[in-house]
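Undergrad: Now for the letters of each chain:
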Amino acid sequence: MFPFTLEKATSTQAAIAAGAEGARYIAGGTTLVDLMRDEVERPERLVDINKLPLGGIRVDGEEIVIGALARMAEVAADENVQRLQPLIAESLIEGASPQLRNMASMGGNLLQRVRCPYFRMLDAACNKRAPSSGCSAIEGRNAGHAILGTSKACAATHPSDVAVALVALDATMRVQGPRGERSFPVEDLFRLPADTPHLEHTLLPGELIVEIRVPGGAHTRRARYLKVRDRASYEFALVSAAAALSIMDGVVREARIAAGGVGTRPWRLRACEAALAGRKLSRAAFEEAARLATEGARPLHHNGFKVELLPRTIVRALEMAGEVA
Amino acid sequence: MTHQNPAAGKAGTDKQSRAVAAQSDPTSITRRTVLQIAGSAVSLAAVTPAAAQAVTTQPSMETAARPVRLLVNGNARELPLDPRQSLLDVLRETLDLTGTKKGCNQGACGACTVLVNGKRIVSCLTLASLHDGAHIETIEGLSKDGELHPLQQAFIDHEGLQCGFCTSGQIMSGIGCISEGHAGSPEEIRFWMSGNICRCGAYPGIVAAVADTAQRS
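Going line by line, the protein sequences match chains F and P.
Each residue of the first sequence is one higher than the last, beginning at 1 in the working numbering.
Each residue of the second sequence is one higher than the last, beginning at 1 in the working numbering.
Just so you know, the hints here were simulated from the structure itself, not pulled from any lab data.
Glycine included, every Cβ here is placed at the ideal spot set by N, Cα and C.
Take these hints with a grain of salt, some might be off.
With a straight-line Cα cutoff of 35 Å, these simulated DSBU-like cross-link-like pairs (lysine-lysine) come out [as the list claims (entries may be wrong)]: (1) F:51 <-> F:8; (2) F:51 <-> P:119; (3) F:280 <-> P:119.
Here's a subset of chain F near chain P, in silico, CB distances under 7 Å, partners left out [as the list claims (entries may be wrong)]: (4) 98; (5) 233; (6) 320.
Chain P regions said to be covered by chain F (calculated; three or more residues, Cβ under 8 Å) [to be verified]: (7) 75–81; (8) 88–96; (9) 133–145; (10) 158–166; (11) 200–212.
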């Protein structure tokens, strides 16, 4: 591991000042320490933000407010999250292992880096790690890679599960930076790779995620997360789907659908949602809507199965959501 | 070219932690100590002249050891640590608590599981310096007054191991699993113990040991 300095932030303002000078924030460290050991990440200065008052989970009117430093396990086990936003709890429990969920913060989860194996291999080409070096995945082993939102430069999927749920639920995030505070949809945090895959998110230098806010609504109760993967637990998604339904008299009033494992960012499927609105609850309606999910999909050599698996996963997730009593 | 500095840095870290380990107990000579001394001689020999120079000319601030307080199995320790040292390496190399195992060293296998402030974590993926003031519990701290912890005994009774390399991590994770209330059924235990890999495939015994202990507690 390259040498670095580690300082403990005593206030949010002090952390942001260091961040604006180029320091990297560290919370749980589950992504960063691993990548630093592999020398993929080489920060010279780390700021430990764990003592900042950015934890906890609270209810604010119709919204659940999740502190950026709340740990995945803590959020998943929170009574209010389980009661008001079961989709968030389910997506968290399907991610990582119990040990990692005790360590990883919510802010860090959103900013975790990709699991493309070539990103971690220093002797492989990777536009994300070394801009303009090429992409070893496009012609390499790419069964796990994205079919949506890809470019010639990068096809790595965003690995987070809870980000898929948050995007489906129209969650917003509050960030603080050297120039003050702003809020925006979690969906807008993630960039498409285009020809600059090394730029992954839209935070400005020094900006620190403070909290995530998840609005309530009629769709939040019938909401499920289905994750399809190579083993039953502790594995990244081949395909996952978050589905939330608001139903009245057997008719879909509103549907929320997002997918993981298929996109270069958490992938909201608004065309599928629109196709379901006003339809009677039926497998046929789910299948018709799910078919729209793969419009524009560009499979690589080994991940063509995702073009078939994605609509099937969506249909099953919608059925699971519809069955919630 | 870029690989000379990290090599030098690594040698520096290891040397430092070994020195601290030696200081902490200068009289004991164990098989591990002998291996460590032999190992550091080899790693020193492997450092190229350019890299060796880099060690002495790098600003010392970058790798300066800072005092970190850890309460390990009830014993308060204040240790000068390089910020690069993982909690796992500090337990094993600095404190000689080698019951905690290094398997994958990338958070995938669970062999290094310990409890930090009562919560199970993988000690390989965290820097020790992030845990100033924390209570750390390792496998060495479980038995009380010569009596094994009930889950340790259950691993013996249910043959929850073959080679034993993953066992300390399995037991620490099992304690977390039980205290979190996720040991209600074999199915639930399998899901909530999935962060611990056993290459021997002793899973039936592991699940039985956790289930048995959960029922008794």
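Undergrad: Are the hints correct? Go through all of them and say.
TA: Results of checking the hints against the structure:
1. The straight-line distance between the Cα atoms of residue 51 of chain F and residue 8 of chain F is roughly 8 Å, inside the 35 Å bound, and the hint therefore holds.
2. A hinted pair counts as satisfied when its Cα atoms are at most 35 Å apart, and residue 51 of chain F with residue 119 of chain P qualifies at roughly 17 Å.
3. Between residue 280 of chain F and residue 119 of chain P the alpha-carbon distance is near 46 Å, which puts this suggested pair outside the 35 Å criterion.
4. Interface restraint check: residue 98 of chain F against chain P, minimum CB-CB distance 5 Å, threshold 7 Å, status holds.
5. With its C-beta approaching chain P no nearer than about 4 Å, residue 233 of chain F sits inside the 7 Å limit, and its interface hint holds.
6. About 17 Å separates the beta-carbon of residue 320 of chain F from the nearest beta-carbon of chain P, more than 7 Å, and the hint is not met.
7. For the stretch 75–81 of chain P, the proposed coverage by chain F is not satisfied: 0 residues have a C-beta within less than 8 Å of a C-beta in that chain, short of the threshold of three.
8. With a cut-off of 8 Å between beta carbons, the stretch 88–96 of chain P has 0 residues touching chain F; three or more are needed, and the interface restraint is violated.
9. Chain F is given as covering the stretch 133–145 of chain P, and this is violated because 0 residues of the stretch bring a CB closer than 8 Å to a CB of that chain, at least three being needed.
10. Here's how the stretch 158–166 of chain P fares: 0 of its residues keep a CB closer than 8 Å to some CB of chain F, so the rule of at least three is not met and the hint is violated.
11. Restraint check on the stretch 200–212 of chain P versus chain F: 0 residues with Cβ-Cβ distances below 8 Å, three needed, restraint violated.
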